[in-house]
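*Asks:* Residue numbers (my numbering), protein chains in the order written: chain P, 1 to 206; chain A, 1 to 465.
Everything labelled a hint here was simulated from the structure, so no lab data went into it.
Bear in mind that the values here come from a model prediction, so they are computed numbers and not experimental data.
Worth double-checking, as some hints may not be accurate.
On the chain P side, residues computed to face chain A include the following (Cβ under 8 Å) [said to hold, decoys possible]:
1) SER85
2) ALA108
3) ALA190
4) ILE191
Think of the CB as a built atom: it goes at the ideal place given N, C-alpha and C, for glycine as much as any other residue.
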Amino acid sequence: MTQTRDPITRFEGPAVALARDNIDTDQIIPARFLKTTSRTGLGASLFADWRMEADLTPRPGFILNSPAALGAAVLVAGWNFGCGSSREHAPWALADFGFRAVIAASFADIFRQNALKNGLLPIQLSPSIHAGLLSRVEAEPGAIVAVDLEKQVVTLPGGETSAFTIDPFARACLLAGVDEIGYVLRQSDAIARFEVARGLAAPHRR
Amino acid sequence: MPTIIDKIWDAHVVSSAADAPSLLYIDLHLVHEVTSPQAFDGLRARGIRVRRPDLTFATVDHSIPTTPPEWPVQDEVAARQVATLEANCAEYGIPCAGRGHPNQGIVHVIGPELGLTRPGMTIVCGDSHTATHGAFAALAFGIGTSEVEMVLASQCLLQRRPKTLRIEVAGRLPAAVSAKDLVLAIIARIGVDGGTGHVIEYAGDLVRALSMEQRMTLCNMSIEAGARGGLVAPDETTFDYLAGRPSAPTDAEWDQSVARWRALATDEGATFDRQVSIDGGSLSPMITFGTNPGMGVAIDAPVPDPTSIEDPVARQALRRALDYMKVEAGKPLLGLHVDVVFIGSCTNGRLSDLREAAAMFRGRRVAPGVRALVVPGSQQVKREAEAEGIDRVFREAGAEWREPGCSMCIAMNGDQLQPGQCAVSTSNRNFEGRQGPGGRTLLASPATAAAAAVTGVVTDPRRLS
Ligand code: SF4
Chain P
1 MTQTRDPITR FEGPAVALAR DNIDTDQIIP ARFLKTTSRT GLGASLFADW RMEADLTPRP
61 GFILNSPAAL GAAVLVAGWN FGCGSSREHA PWALADFGFR AVIAASFADI FRQNALKNGL
121 LPIQLSPSIH AGLLSRVEAE PGAIVAVDLE KQVVTLPGGE TSAFTIDPFA RACLLAGVDE
181 IGYVLRQSDA IARFEVARGL AAPHRR
Chain A
1 MPTIIDKIWD AHVVSSAADA PSLLYIDLHL VHEVTSPQAF DGLRARGIRV RRPDLTFATV
61 DHSIPTTPPE WPVQDEVAAR QVATLEANCA EYGIPCAGRG HPNQGIVHVI GPELGLTRPG
121 MTIVCGDSHT ATHGAFAALA FGIGTSEVEM VLASQCLLQR RPKTLRIEVA GRLPAAVSAK
181 DLVLAIIARI GVDGGTGHVI EYAGDLVRAL SMEQRMTLCN MSIEAGARGG LVAPDETTFD
241 YLAGRPSAPT DAEWDQSVAR WRALATDEGA TFDRQVSIDG GSLSPMITFG TNPGMGVAID
301 APVPDPTSIE DPVARQALRR ALDYMKVEAG KPLLGLHVDV VFIGSCTNGR LSDLREAAAM
361 FRGRRVAPGV RALVVPGSQQ VKREAEAEGI DRVFREAGAE WREPGCSMCI AMNGDQLQPG
421 QCAVSTSNRN FEGRQGPGGR TLLASPATAA AAAVTGVVTD PRRLS
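Pulled out of the complex, with its shape left as it was, chain P reads as follows:
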């Protein structure tokens, strides 16, 4: 398969925390920013309603407005991150802002899929390790977290390590820098055979 993006193996960077459960995609990127027909530049709208007052001035207390968020690579959040809509604008906005991984206690299904397709790692840690990391990063924004996708291990700010799993197929694609569509397109013959067997080969009349 041809490589279509930079492979992801290992990286490390500052982490920031949003200690909330059920962070929904309407918070990650509010709907009024979905009128774009492009997938770039969405980082400016990331968490817009939490980051900015109604008059668009930055809200000082919000973590993404703090100096620690500059160059942040890892976002640590609570349970069920990314619930709600299927908008892929959510991982696009996170990645465009600079995040390369979200660490949570659990993820909503569609968000997890969307993130993986964009090289944003949805890393689920066990509840106790996750809780420890969340409070650590909350207390110390910018603490360094290292992610090793090859070994499926994160190194926490204290130096301890914790294992995680990424769907093996998605992981292989990310490690090789290939996208899943290329893989599927190589199966055109199998798809054509399926269509013949199912009587779907002829154009469908509506």
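Using the hints, position chain A with the ligand against chain P.
*Replies:* Below, chain A with the ligand without anything else, positioned relative to chain P:
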């Protein structure tokens, strides 16, 4: 012994390799303006065509205005998005019900209406409420834009087999309690992530007795419980609804199809990964008080009190939600001042929903200071409602009767709350700012929403009916 979910899944697996997800064939791909432009760009970059434009159908719903078509378009960016979809569909040969087209409407309303949605199908759309189509025993789920591109390119999707959850609802719906109340009760019970990783089969006497439109309301909100999809086995109610629809099979093909559809039901003795039982007979009208759809209570029940919650994280989350909503803990929402009432969306924008609301508006007026917006789910719903004179009931009561679209469900098109305003809405999401930045949303049934419109406060619909 397979479940209905297994049967549909197994019939659509093109290939499965040991180390990869299954390649699942998609029978119907629905497309709208918001989640598709980047997917078409991807096709263009790869230099490939849409594999099966004949199994793809597009419409515009999310960002279009609901003002009359002859009014000038206010939002240039949204207009460009709509034009982009229409141009992409023309370029790739995809049928498209664009703005003003007689079949245009919210994508999950028009699929069933046109008979495009049928039992046993796999259906996807770049939209999380695709589960709606599960009412017809379709395995239907929302996908992201990269997956939209994958399906356009290959008519297939890479998927891991979902886990199965059976929700069995016994009893009969009490008077003035709707399918919306049922699904809000289910989500309050299992939680906003209670269905994660699962597809739900809704079963039981109460579900069997629901109309197709009620089943659509129920399946629609499966995603609000975190589930990928939710479906109901097909029966006479399903077949009666489908017969004669524009894309439904006819004659001998119809008979063969019905026989095939009957065989989809979960086999006796099949096991689900999880099972939940609900007593439908004890349900009340529901309303949400917080900032996710799981934060719901019976309309006359008190809003939970954070001080009574032991888990500190849950306590904090509840407190935050009540602060945002400006709602008092420990007492019912009844009597809470309401600024706006929104009746519409893919959850409750069909004819039976509008009838339910109209029954409440008839002979009454929208309370002073309240804005009531009624938005039919599709052009067809609008035509049918107008043929029945329902539009007049709304207008005479002082409500706005709009053109079809998603409107204030997602507030992308200019229909939105002002900061701080409180709305009772028949839509499906009460997330912070969902209906406009700073807006506060209470989710409820059409009857409860209409009752709030005519009284100006949260009101138990049983008191007015
Ligand atoms: S009505 Fe609301 S939930 Fe339904 S498709 Fe439109 S925006 Fe999504």
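*Asks:* All the hints need checking, so say for each whether the structure fits it.
*Replies:* We went through each hint and held it up to the structure:
1. SER85: holds (5 Å)
2. ALA108: holds (6 Å)
3. ALA190: Because about 5 Å separates ALA190(P) from the closest Cβ in chain A, which is inside the 8 Å limit, the hint holds.
4. ILE191: holds (6 Å)
Hint check: no violations occur; every hint is consistent with the structure.
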